[in-house]
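Chain A is already provided as a structure; the job is to place chain B on it using the hints.
2 protein chains.
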Amino acid sequence: MSDATAIPDLTARAEALDAADELAKLKDRFTLPEGVVYLDGNSLGALPAGVAETTADVVSRQWGELLIRSWDESDWWTAPERIGDKLAPLIGAAPGQVVVGDSTSVNLFKALVGAARLASPGRTQLLVDAATFPTDGYIAASAARMTGLEVVPVDPSGAAQAIGGDTAVVLLNHVDYKSGRLHDLPALTAAARAAGAVTVWDLCHSAGALPVGLDAHGVDLAVGCTYKYLNGGPGAPAYLYIADRHQAAFDSPLPGWNGHADPFAMTPEFAPADGARRGRVGTPDILSMLALEAALEVWEGVGIEAVRAKSLALTDFFLACVAQYVPRGRVESVTPAEHAHRGSQVSLRTENAREVMRELIARGVIGDFRAPDVLRFGFTPLYVGFADAERAARTLGHIFG
Amino acid sequence: MSDATAIPDLTARAEALDAADELAKLKDRFTLPEGVVYLDGNSLGALPAGVAETTADVVSRQWGELLIRSWDESDWWTAPERIGDKLAPLIGAAPGQVVVGDSTSVNLFKALVGAARLASPGRTQLLVDAATFPTDGYIAASAARMTGLEVVPVDPSGAAQAIGGDTAVVLLNHVDYKSGRLHDLPALTAAARAAGAVTVWDLCHSAGALPVGLDAHGVDLAVGCTYKYLNGGPGAPAYLYIADRHQAAFDSPLPGWNGHADPFAMTPEFAPADGARRGRVGTPDILSMLALEAALEVWEGVGIEAVRAKSLALTDFFLACVAQYVPRGRVESVTPAEHAHRGSQVSLRTENAREVMRELIARGVIGDFRAPDVLRFGFTPLYVGFADAERAARTLGHIFG
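Residue numbers (the numbering used here), protein chains in the order written: chain A, 1 to 401; chain B, 1 to 401.
The hints are simulated quantities; they were obtained by calculation from the structure and are not laboratory data.
Where hints are given, some of them may not hold.
No distinction is drawn between identical chains; accordingly, a pair holds when it is met within one copy or between any pair of copies.
Unchecked claim - 25 Å max Cα-Cα, derived SDA-like pairs, lysine to any residue: (1) Lys178 / Phe400; (2) Lys27 / Ala56; (3) Lys178 / Gly213; (4) Lys178 / Ala49; (5) Lys86 / Gly96; (6) Lys27 / Asp57; (7) Lys86 / Arg330; (8) Lys178 / Pro336.
Isolated chain A, as found in the complex (with noise of 0.2 Å):
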């Protein structure tokens, strides 16, 4: 392939398909420049169509001229528990076990310190994924130093059997952010619980994508950022989720005012709220939260199981343009092929990945590059198409052209 010719069999199939997609007018929900292939949802979510018009608002109308007493009349005070439930169904959680705010390395160290303290006393082992995104193996540490664990690193796909009697908590990734491999969460939840271990999972690179079902499968504590397939805006409040059952126990190392049952008390002593509420600490960032709150209206009437079912045929049809367009040996998926183990993104493997990366971008065709040698294209089935992933292959074939 030494131009940038399209393959009539692909493009014919591309339109096919997107012609049957039925999320297909989601993208009118997102506002998209022109002439753009973007794949790099998986690291910054594209911008939902209301944001603009309710920031807009937030900052003239409810701060200008509302001021302090929007934070009863506009609801700002308990922005963080009311989205925290808009989300919730988004990962397979009920009400009320979902608080939003703070960054998701925030998050991961309440939830790790906090998964210690309902840890089984004498139980020595914080298990954490080996491939894990770095900030989690760094705030793991942290934890683990402060709490009196060892930080294990297990490889997720061997986690069950690493998990046992010294296992006080185990963390591990729903997707590992370089390769989009997609870890079982219901045996390793399963696995954990077998053992008598306190689970948190790190959802960074699933919610939104595909469905998790935190609930369903009983883990105990999760995080996740809500600026990738969630697309709350660049740096968007992250979430921590707490089970019921473990919300009365729950004791958090940043036990801030806002966490406490009653805040506007100010009594010296910390009496935490009930519920989610008590993962709260400061005051809620509310530019971010309602830009979050009203980036969350994208879902209205949208199932995660299609969404899940249209991100397997956009990486699967990606997958097979790149088999086409591709010089054979230029490029080599660390994904997975099955998709039981595959999240929503493509990682390609190949030289010059950094050089590759900024001629594709050149090129209209945004994905990322994660040092050394990896390409990621993540497909955000609310305003991604099959003719998206046909261009962005056939303009990495022409690059290796």
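Structure of chain B alone, referenced to chain A:
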């Protein structure tokens, strides 16, 4: 004073003071609702005029059009330290020592644990302002629990005597949130230094209202919010100051990937960044952060000494008006009369304070209430004038009339 009749002497003085006020024109840099006297800038600062335009650009162009590219092209990535440097002069810090992000509570946890790790081995006490804003006490208790220290509550006026050879860390508020009392940062810092203790100052109620002089007075660590006198917006990101001399040894309990020397290397081991940047944790909250950056533009050409002079003149004048408008015995100021001990708010104790504040707000004078019996009136010299102070006192008098 049985009705709302103005006292001509006071209205004339207000007029003269406003006419002579060189900062009066700064009010044009804010968007304030018509007919309102806003005396709650010590809780939520007013909206700076440039914020709405910046926020619209951040959402629609930087996020919506440039998407992931904005991390570089819109300089999102460096925002925490860049904005830290922009607010540094307001707290007397040379560049490179302030980083913006997270809430005050989270920054306080970093600072207190970091301080405990900087402290000389064998010291056992964490001294905390007994009248502190509650979150400081709650977070101090958690930091102490996790570092093996013991919390010792102290009255800041006697703190210099309480600091001794067992003192590891001293946490004090520069201005008390409830009484408006200004504590003697230079003397208390000097006492702590002389005793070999590490100082952490909470600047929430002083930054932007009066000179702080962190570098000049040898403060070790400090935190503060940006949504009061710095007008950053509801829940805007807070900041952490790490004095140059401590940066190499500062050991954060929240070592997120943004605080890594080379975040995108994604190495399994944490290697802290140089400088204040090691105080970063997770992905910065860009919408709120860039709103804050725009908000800080109101300080262009404004000296904090002039702000302090006007602040004292405003609170003096307000107290004089209250003395004349409010029937004797109905309110009692809990804010010190001496300038050296007064921040930029006036707190009045009264019966039925909650109802009185509700009445004031209904009449267009916005302050706030702190349980059980305190009316708080914050004076932000950038947008509050002397006629506002007169009207507020007159309205208060009318309610008691």
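These are the hints, each one checked on the structure:
no.: 1; hint: Lys178 / Phe400; in the structure: within (22 Å within a copy, 67 Å between copies)
no.: 2; hint: Lys27 / Ala56; in the structure: both (22 Å within a copy, 21 Å between copies)
no.: 3; hint: Lys178 / Gly213; in the structure: within (23 Å within a copy, 45 Å between copies)
no.: 4; hint: Lys178 / Ala49; in the structure: neither (29 Å within a copy, 42 Å between copies)
no.: 5; hint: Lys86 / Gly96; in the structure: within (10 Å within a copy, 40 Å between copies)
no.: 6; hint: Lys27 / Asp57; in the structure: both (24 Å within a copy, 22 Å between copies)
no.: 7; hint: Lys86 / Arg330; in the structure: neither (43 Å within a copy, 47 Å between copies)
no.: 8; hint: Lys178 / Pro336; in the structure: within (12 Å within a copy, 59 Å between copies)
Comparing the model with each earlier hint shows violations of hints 4 and 7; every other hint is respected.
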